[in-house]
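**Student:** Below, each chain spelled out in residue letters.
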Amino acid sequence: MSTRPRHHILSVLVQNKSGVLARVASLFARRGYNIFSLAVAPTEDPAFSRITIVVDVEETPLEQIVKQLFKLIEVVRISELDPTRSVERELLIATVRADASHRGQLVELANIFDAKVLAVGLDALTLSLEGAPDKLDDFEELLRGYGIVELQRTGRIALPKLDREARVRAVKGKAS
Amino acid sequence: MKITGAEALIKALEQESVDVMFGYPGGCILPAYDPLLKSPIRHILVRHEQGAGHMAEGYAHVTGRPGVAMVTSGPAATNLVTPLCDAYMDSIPMVAITGQVSTTAIGTDAFQECDTVGITRSITKHNELVMSAQDIPLAVRQAFHIATTGRPGPVLLDLPKDVLQNTMTWHWPSDDEVADSLPGYKPITKGHPKMIKEAAKLILAAERPLLYLGGGVLKARAAEYVREIAELLNIPVVTTLMARGAFPDSHPLNLGMPGMHGTAAAVTAMQKSDLLIALGARFDDRVTGKVATFAPEAKIIHVDIDPAEQGKVRRPDVPIVGDCRQVTKELLKALREMLDGGTVQAEIGPWRSRVSGWQEQFPLHYEPSEPGAALKPQYCLEKLRDGAPEGTILVSGVGQHQMWSSQYWKFDEPYTWVNSGGLGTMGFSVPAAIGAKVGRPDRTVWAIDGDGCFQMTAQELITASLSNIPIKVGILNNSYLGMVRQWQEMFYGERYSEVDLSGGIPDFVRWAESMGCVGIRVDSPEEVEPAIEKANSINDRSVVVDFRVEEFEKVFPMVPAGASNDDILLHPAQASRKEFLR
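Residue numbers (this note's numbering), protein chains in the order written: chain S, 10 to 185; chain H, 848 to 1429.
Among the hints, a few may not be true.
As the list claims (entries may be wrong) - Just so you have them, the derived chain S footprint on chain H, three or more residues with Cβ under 8 Å:
#, segment
1, 962 to 971
2, 1154 to 1162
3, 1208 to 1221
Hints in this document: simulated from the structure, not taken from any laboratory. All C-beta atoms, glycine included, are put in the ideal place defined by N, C-alpha and C.
Sequences and hints are given; from them, build the entire structure.
**Tutor:** Next up, the structure:
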């Protein structure tokens, strides 16, 4: 389930009120657009939530989506995040078949990927991995060979990359 | 001092200067009807909730102020769905208030419960389930603010019964509080100066410019500036179905309505133009025909307050997001400055004469009604138009009669034409006409209806009679669902499927009389004028005139659905001259 390169990430800041997610989701349905993945949670200010939506469309309909989204009264700000200029993260949890003979291999694989072992059973392991979506794709592919019992991904969240100046400033800020 | 949520609601409506509302009480909204007894707000008791919605729309159309409808939960709320969607499509400011089951019962499938907010989400500009009595004043202020600013539209407030019954401490929010509560709502009204300058340059350089006026011109009350621009530069004008009246039909620059049943001159001028100046218009499919072949040589200046309209159908060369009134005012100023600065407008004389040629060659045409022969609907409209008192407001339903109304009436004043353009809601005219008459009691209001439409909402004439709102209804009765019949004749090999309404039942005259109206039946051309004269002379009650018109009359010109505007079908009597449309 890898995303094709033409995916777009919309970071939508909304008022944190009941029904807002339904409004956003039904707008996509109403206008005939597909949501590839979606993640939502309150921001640092509990009055607002950030919805990260990955859509899989050409440029032109994307412009329409953004404009239509903006017409929702509770939508405060929309940024389109360029995948090459943003930090994307996603979380994956998977339960994988692992009898005694395969457990070692799986733990080794988990170590290579910096994944965590969340639970160990007699013939299964539950692993979690946080990282860039591509990395999760690779990990998932490798797990498949062992037999995935259950798998859940969160859908990605993203923020713009800090530009060089901002990065430097952030580091300085930390130092002082 | 503590008051109930219901009292707060009525008080908030009074604060918003609501003087009239259209509604129908019921279980969950009951608490709100009690304080209404003491309120100066006039409540008009309708016969069906759909009627309340369309009345609110008609009121808003002619006054520019938001129409208010109040009904109960469940079936009443679902009956309001059609007018909400209608208002949404045509950008009509409207505030709907629905009752809801108590907060403790929400989600339990309680009696008359439905997910009103969910159902109306995609057909309102905004809606809200108010969960606390204390929140009511702010919710009402937000609703009126959102409904009337930016691109206008309907807003719905869903009020649970216990929220109406609970007490609250009255507080009327300030403008700042409203603004702070809506951090994501800041409509752009002022056009970008650079874009306006760019537009002015294009306009002066264009050899075949055309002003394409949409409903936004009326919503923004921009007609005066638009007219000044047209007259300053002699630019021809087309007025869409939603913009009829925005520019006088009697003005030589007005080519009339474009689109599927537009005049040949208006349709062709759009096709041949090198610059379309679209003002508050949205390139609707009924106007563009096949988009790929629409106005192929035209550059586009698109002025609209809704950014989502820019580039939705046709990518503009100069997009201007803003309020039509503000933008046209600035545009006029920019044009004058450029002219004063020595810029010379391109020669548009040849374009003007081409356009006038089309107007002369292809006037609207029908085979006239001969005495003793079948009655033509267009003839009825011409006589209605000629006999109408000054300032008459015309309201139509949807179908052939709507197109003939738009074609044959002469609209010389803004806000004298009310119709359902985007949604195409049959049954719109009688209740909308009642709402219009409530908004403009000084005006004569004629509702032109089809026999199909009339049967959908005629019961509101009882409302008109009992609430003393005298309107006039002209039914162009051809015993058919005329427009559908026309399509079956033209595109389905004359196979008529379920369009025959079997003239005779009902008896419209007796039906009208039973509802407290005067009923008049007209069968032949010579009866038309006396009937209209009689109808216009009766002002103490509503009048229904049943014009028994020719069954097989068709609306021309016509651009078939999905066809190119270049393939316009002219009236058969003009078809041989089609080559002149070049």
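**Student:** Could you run down the list of hints and mark each one as holding or not?
**Tutor:** Status of the hints after comparison with the structure:
Only when three residues or more bring their CB closer than 8 Å to a CB of chain S does the claim for the segment 962 to 971 of chain H stand; here the count is 4, and the claim holds. Coverage of the segment 1154 to 1162 of chain H by chain S holds. Counting CB-CB distances below 8 Å, 5 residues qualify, and the rule asks for three or more. By the rule of at least three residues with a Cβ nearer than 8 Å to a Cβ of chain S, the coverage given for the segment 1208 to 1221 of chain H is violated, with 0 such residues.
Comparing the model with each numbered hint stated earlier shows that hint 3 is the single one that does not hold.
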